[in-house]
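Visitor: Chains Y and R, in that order, are what the protein sequence lines are.
Counting the first sequence from 1 gives a position; this note's numbering is that position plus 237.
Counting the second sequence from 1 gives a position; this note's numbering is that position plus 67.
These are computed hints drawn from the structure, not numbers from a lab.
Remember, predicted model here, so these are calculated numbers, not experimental data.
Backbone N, C-alpha and C define an ideal beta-carbon position, used for all residues, glycine too.
It is possible that some hints are incorrect.
Covered stretches of chain R, going by a simulated chain Y footprint (3 or more residues, C-beta under 8 Å) [as the list claims (entries may be wrong)]:
#: 1; region: 166-176
#: 2; region: 204-213
In silico lysine-lysine, DSS-like type, Cα no more than 30 Å apart, as pairs [unchecked claim]:
#: 3; chain 1: Y; residue 1: K399; chain 2: Y; residue 2: K294
#: 4; chain 1: Y; residue 1: K454; chain 2: Y; residue 2: K481
#: 5; chain 1: Y; residue 1: K257; chain 2: R; residue 2: K210
#: 6; chain 1: R; residue 1: K155; chain 2: Y; residue 2: K257
#: 7; chain 1: Y; residue 1: K895; chain 2: R; residue 2: K210
#: 8; chain 1: R; residue 1: K155; chain 2: R; residue 2: K210
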Amino acid sequence: MSTDTASRAARVVGQPLRRKEDAHLITGQARWTDNLIVPGLLHMAIARSPTAHARIKSADVSAALEQPGVVAAFTGADLAADYGSLPTAWHVSDDLIVPDHRPIATDEVRYLGDAVAVVVADDAYHAADALEAVEVDYEHLPAVIDIEAALRDGAPLVHADKGTNRAFTWGFAAGDYEAARQHADVVLSRRFVQQRVMPVAMEPRAVMAEPTPATQKFTLWTSTQVPHFVRILMSTMCGIPEQKLRVIAPDVGGGFGGKLNVYAEEAIALAVARRLGRPVKWTASRGEDLQATTHGRDMIQDVEIAATRDGRVLGLKVRLTSDLGAYLQLLTPAVPLLGRYVYPGIYKFEAHDFFCEGVFTTKTPTDSYRGAGRPEATFAIERIMDELAAELGLDPLTLRARNWITHSEFPYTTIAGLTYDSGNYEAATDRAAELFGYDDLRREQAERRQRQDRVQLGIGVSTYTEMAGLGPSRWFGEHGYSVGGWETATVRLLPTGRVEAIVGTSPHGQGHVTSFSQIVADAMGVSFDDVGVLHGDTEVATWGLDTYGSRSLLLGGAAVAEAARQVVDQARVVAARLLEASPDDLEFANGRFSVRGDPEAAKTIRDVAVAAFTAHDLPQGADPVLMAEATFDPDAFSFPSGTHLCAAEVDTKTGFVKVRSYAAVDDVGTVVNPMIVEGQIHGGVTQGLAQALYEQAVYDAAGNLVTGSLVDYLVPSAADVLPYVTDRTETPAMTNPLGAKGAGEAGTIASTPAVVNAVVDALRPYGVTDVSMPCTPERVWRAIHRTPAAAGG
Amino acid sequence: MVLISTTVDGLSHQEDVEPRLLLVHYLRRSLGRTGTVIGCDTSNCGACTVLLDGLSVKSCTVLAIQADGSDITTIQGLADGGLHPVQKAFRENHGLQCGYCTAGMIMSTVDLLLENPDPSDQQIRDGLEGNLCRCTGYHNIVKAVHAAAAELRTTAEVAAQGAPAGHPEEPGRDRPEDSLMRDVASSGSDVTLSADQPRPGERYRS
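Chain Y on its own, in the form it takes in the complex (with noise of 0.2 Å):
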């Protein structure tokens, strides 16, 4: 599906171009959602749940209504016949239950920021200090916090009309796992534990509505990933016919997972608009975001994997309990759903047993967050591959490169049922070793030991694979996502020889003008800077199904590109005519339709623009609007793949771990713009290592959230993290017609098992086999020493 201008030696596909998003952002112009005024703006503040989980006995925002400045408020029964239950879109399994998720809680709170009131006022600081005046009366309920004890006979109920705490369960297996077992000569077991981590995208979430009273009409400026998604299901959720609403997702700053949401607060602020007739902002304060945005990861995974003594896989269990939180938020069961296609990672096992169950809790719902359930995956597999080398033997590259899918085995069908298309494991981790010095700092390794270092090194590896590009809609359809997965894009050339691309992806720091630009002017001959892109508003951008999974660029992009080239059909037509030609004698290169044979005789494709505009001399049936909107579903996800290696010094006395050196080679197939992909592979990387050393949402037995700011919850600074050493081999994706694989989620991916794998592999010669993240000084000492055979250093 390669464009007419593929071989033009122009091509700006694959340059570093500078980015277009830059210079507004670089200059304070952004228009972020908390930044909008408009004419009549009231500010609306949420008073939210004190307590893990409690009966609510009575909510009275009369006093409230006294304050300074207070327009209204409103209850969650006030508001109860406003809008239905929050959904959610991912139907993992035919037992799963999905409780009512009221956008305010009517009759029992949930977890700690449960919304429980909405106070509105003229002003954002006299609706805050109203909220002081918002009276609940809470009958307590006990707290549901240990996943384990919460599927226990007799545990306390989230929801006590459901009888369970058990939200889902759903398993899977392939090939025969317990011959497999009685066939291994070593069978290893480990429990991981992948903590509660937050997305903290820098922009807090925002949200404004505003209302056309007359018309009943709507506009919704949110600070999202997923306007598309927001549009619909608010239409549903709130009963405002589709064609009323309209969704704008602005300037949004980051998202990581925490904006691919439906929020309650998007509907309290609908609901809220209607009730007024006026127009309402939300902005949450950070304290706010960590309470009421969902949360990642938070799952146990019992892994169990079965070799044969000289280093051959046969089996791998996994046993995975999934902490889903209070509520259904949009996709929050089907995140186990996406890990459990990649436990086998990039490895020839001959059999798999899956088996995952999902359990309420008195806490903040988990979702998506950057990787959703493929990081926790690669963790497991990764980090047992480390543990089997360890037990076997083996340099931990060794292990892999005896199981690991060969370059002239593709295509391959793994045991999880995934066909991989594409890969070269063996070139990325050759390179990475040769970055990364990996012999020598071997070597060191073995003087540290030797001598008893107090700092002792270790070298943690991690051969990756991801399914990206989210996704086929046929796939989305066998597994009750109830949405579809194409993407798609409208071209159009302008007058004045310009083009716009209108996209259904949403960017929020992804560079997708830049990189649908760069697309654009390859497929049309034009130039990088006359291309324009237009999203992220209903109005504009009618159909789109968002940004998230690593989907943007290999299916937006594609569709980018067929609509660029059928724009480029329409415009040889007219050409042919203004060059009095067959249409099927010209050429068509750097944006020029010349006569095949006689160059000279050449038409622009501005030309052709002003031509078919003024349409005064078209051909029969020629259109004077030169537009094309083009659709791209993948037949199959895409699979980027690499190797990251990790050093770390620890000292053996406090437990510190030093990150030393990161060296990563990733594959993302074709790429469009290096330094673009390049920064998603730092910043994923980054996300991961935060994780593995430094992040975790912490609730106490009450159900407090302990990490409730920035001031607990520990994101890393510059200070925290290191320069990464980073280069790409290409293998092109079968999957799609750019090659391209995704970039958003493969460093996050990756890089967490690196470092944990690092770590754990300094303390080899303590006899420690884990440190549960993250690896914080104190765990790492209590690794050391409980370990009987801790000794020297």
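Given the structure of chain Y, go ahead and fit chain R onto it with the hints provided.
Guide: Leaving out everything else, chain R in the frame of chain Y:
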């Protein structure tokens, strides 16, 4: 209400404000200078960093009345028309993705480079640890700071050799408070109004 006078990005303002009004809210809501943003409520993230009489402060941690009589520079007033070398360097080196931390990151960098015109990698990382970025992993931010430092040093050398003072692209940028600030920085006195934050790692070390 308290009447305060400020100069913000070169424009004078007089306004009655509530004593509790935060400087960042004064900038954003009272004056409509929304280039300065809010990312947290505990002075950790630095997204709201501005220069107050030439020194970087987290404007969420300063009351508007404390800024009475002050000259405030925000991201929107950093350059007249063109781009400040730090802004340019962030763009050239892909030092931003979503851009939400960027205004604060750039303002902190401006202060850092006034204090230390030729910082090492580690000095940059330590100097910017009060500014959080969730997108870039900081790698390209550090590169951007080096690039900006090099350009500013070149400009300073040209100026020292007798060329007209100030950055060639931005006449008048070298304001009196810049030199005042250098004096303050070199004297080691701590006049910054932002709370001293512990280094994230120190919570574990202590």
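Visitor: For each hint, tell me whether it holds in the structure or not.
Guide: Now for the hints, and whether the structure bears them out:
no. : hint              : in the structure
1   : 166-176           : holds (count 6)
2   : 204-213           : holds (count 6)
3   : Y/K399 <-> Y/K294 : holds (21 Å)
4   : Y/K454 <-> Y/K481 : holds (5 Å)
5   : Y/K257 <-> R/K210 : holds (20 Å)
6   : R/K155 <-> Y/K257 : holds (13 Å)
7   : Y/K895 <-> R/K210 : holds (21 Å)
8   : R/K155 <-> R/K210 : holds (12 Å)
In this structure, every one of the numbered hints holds.
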